[in-house]
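Modelling step: build the complete structure from the supplied sequences, incorporating the hints.
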Amino acid sequence: MLTTLREKFLAWKEQLLPKSPMAFAINYARSQWQELNVFSTDGAVAIDNKVSAREMKRVVLHRKNSLFVDNPRGGRTAAIFASLTSSCRRHDIDPQLYLTQLLLTLPLTPDYDLPAWLPDRWKLDQKAWLTNLLSDAAPAS
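Going by numbering that gives the first Met the number 0, 58 is the number at position 59 of the sequence shown; the sequence numbering is gapless.
No lab work stands behind these hints: they were computed from the structure. Certain hints may be false.
Okay, derived cross-link-like pairs now, SDA-like style, lysine to any residue, Cα gap no bigger than 25 Å in a straight line [unchecked claim]:
#1 K63 / C87
#2 K122 / I79
#3 K7 / A52
#4 K122 / L133
#5 K56 / T40
#6 K126 / S85
#7 K126 / Y97
#8 K63 / S86
#9 K49 / T84
#10 K56 / Q31
#11 K63 / L35
#12 K122 / L105
#13 K49 / V37
#14 K49 / Q31
#15 K122 / L102
#16 K49 / R62
#17 K7 / N36
#18 K56 / A45
#19 K63 / V37
#20 K12 / E34
#21 K63 / A78
#22 K7 / V37
#23 K7 / W32
#24 K122 / Y111
#25 K122 / L98
#26 K49 / Q100
#27 K12 / N36
#28 K56 / F80
#29 K7 / R29
#30 K126 / T99
#31 K18 / Q33
#32 K56 / S86
#33 K49 / N70
#34 K122 / M55
Computed spacing ranges between beta-carbons, pair by pair [claimed, not checked]:
#35 M55 / S30: 20 to 30 Å
#36 A127 / Q95: 15 to 25 Å
#37 R72 / P20: 43 to 53 Å
#38 L101 / W11: 48 to 58 Å
#39 W11 / R53: 50 to 60 Å
#40 L101 / V68: 14 to 24 Å
Quick reminder that beta carbons are idealized off the backbone N, C-alpha and C, glycines included.
Below you can see the structure in the form of structure tokens.
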């Protein structure tokens, strides 16, 4: 299908004026052809960039909301929370649960244990904790 599309691009390009918007779009697609075809050879690559676009929308919204921050310290705190909640969404974690546990535990956490509170590590630890809890609660047969 991609080969057919490339052939159509070449045929259409011959029929268009060089500075037309469609010719510009075809030239762009042809210049990015290798990158465009990555999704067909690697199943881990999405065919679109919806996830990236959604995250960029959040960044823009955060930037707009940051206009109402009174001081640099508040802005830094807001940026940290935005980063953490974005990481939570990316790792399929409930941000409220994560932040509640983080804020309750953080004052008692030694510096060397802080990396365990990164969202990806926290999720693995929670999964292990839940597995142990369920195995302990299972009736012995």
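Here is how each hint holds up against the structure:
Taken as a hint, the K63 and C87 pair is honoured in the structure, with Cα atoms around 21 Å apart against an allowance of 25 Å. For the proposed pair K122 and I79, the alpha carbon gap of about 19 Å is at most 25 Å, so the pair holds. Taking the CA atoms of K7 and A52, the gap is near 28 Å; set against the 25 Å cutoff, the hint is violated. For the hint pairing K122 with L133, the CA-to-CA distance comes to about 16 Å; that is within 25 Å, so the pair holds.
Straight-line distance between C-alpha atoms of K56 and T40 comes to about 29 Å, which puts the hinted pair past the 25 Å bound. This hinted pair checks out: K126 and S85 have alpha carbons roughly 20 Å apart, not beyond 25 Å. Distance hint between K126 and Y97 is fulfilled; the C-alpha atoms sit about 13 Å from each other, no more than 25 Å. For a cut-off of 25 Å, the pair hint linking K63 to S86 stands: about 20 Å separates their Cα positions.
A C-alpha spacing of about 18 Å is found between K49 and T84, which places the hinted pair at or below 25 Å, so the restraint holds. Pair hint K56 plus Q31 holds up; C-alpha atoms about 24 Å apart against a cutoff of 25 Å. Note on K63 and L35: the hinted pairing is violated, with a Cα-Cα distance of about 32 Å set against a maximum of 25 Å. Our distance criterion of 25 Å between C-alpha atoms is met by K122 and L105, whose separation comes to about 16 Å.
Between K49 and V37, the direct Cα distance comes to roughly 16 Å. Compliance with the 25 Å bound is thereby established for this hinted pair. Distance hint between K49 and Q31 is fulfilled; the C-alpha atoms sit about 18 Å from each other, no more than 25 Å. The straight-line distance between the Cα atoms of K122 and L102 is roughly 16 Å, inside the 25 Å bound, and the hint therefore holds. In summary, the hint linking K49 to R62 is supported, as the alpha carbons are separated by about 20 Å, within the 25 Å threshold.
For the hint pairing K7 with N36, the CA-to-CA distance comes to about 16 Å; that is within 25 Å, so the pair holds. Distance restraint check for K56 and A45: the Cα-Cα separation of roughly 19 Å lies within the 25 Å cut-off, and the hinted pair is therefore satisfied. This hinted pair does not check out: K63 and V37 have alpha carbons roughly 34 Å apart, beyond 25 Å. A threshold of 25 Å between alpha carbons decides the hint, and for K12 with E34 the separation of about 20 Å falls inside it, so the pair holds.
For the suggested pair K63 and A78, the alpha carbons sit about 12 Å apart, so the restraint of at most 25 Å is met. Between K7 and V37, the direct Cα distance comes to roughly 20 Å. Compliance with the 25 Å bound is thereby established for this hinted pair. For the given pair, K7 sits about 13 Å from W32 by alpha-carbon distance, which is consistent with the 25 Å threshold. A C-alpha spacing of about 18 Å is found between K122 and Y111, which places the hinted pair at or below 25 Å, so the restraint holds.
A hinted pair counts as satisfied when its Cα atoms are at most 25 Å apart, and K122 with L98 qualifies at roughly 12 Å. At roughly 30 Å between alpha-carbon atoms, K49 and Q100 are farther apart than 25 Å, so this suggested pair is violated. The straight-line distance between the Cα atoms of K12 and N36 is roughly 20 Å, inside the 25 Å bound, and the hint therefore holds. The suggested pairing of K56 with F80 holds, with an alpha-carbon distance near 16 Å, which does not exceed 25 Å.
Restraint check for K7 and R29: the C-alpha separation of about 11 Å stays at or below 25 Å, so the hint holds. Distance restraint check for K126 and T99: the Cα-Cα separation of roughly 17 Å lies within the 25 Å cut-off, and the hinted pair is therefore satisfied. Of the pairs offered as hints, the one joining K18 and Q33 holds, with about 23 Å between alpha carbons and a cut-off of 25 Å not exceeded. Restraint check: the Cα-Cα separation between K56 and S86 comes to about 15 Å, which is no more than 25 Å; the hinted pair holds.
Of the supplied pair hints, the one linking K49 and N70 is violated, its CA atoms being roughly 33 Å apart against a limit of 25 Å. A distance of roughly 24 Å separates the Cα atoms of K122 and M55; the hinted pair therefore holds under the 25 Å criterion. Between M55 and S30 the C-beta distance comes to about 22 Å, which sits within the given range of 20 to 30 Å. A C-beta distance of roughly 21 Å is found between A127 and Q95, which places it inside the suggested range of 15 to 25 Å.
Checked against the hint of 43 to 53 Å, the C-beta distance between R72 and P20 comes to roughly 47 Å, which is consistent with it. Checked against the hint of 48 to 58 Å, the C-beta distance between L101 and W11 comes to roughly 54 Å, which is consistent with it. In this structure, W11 and R53 break the distance hint of 50 to 60 Å, their C-beta atoms being roughly 31 Å apart. At roughly 21 Å, the beta carbons of L101 and V68 sit within the given window of 14 to 24 Å.
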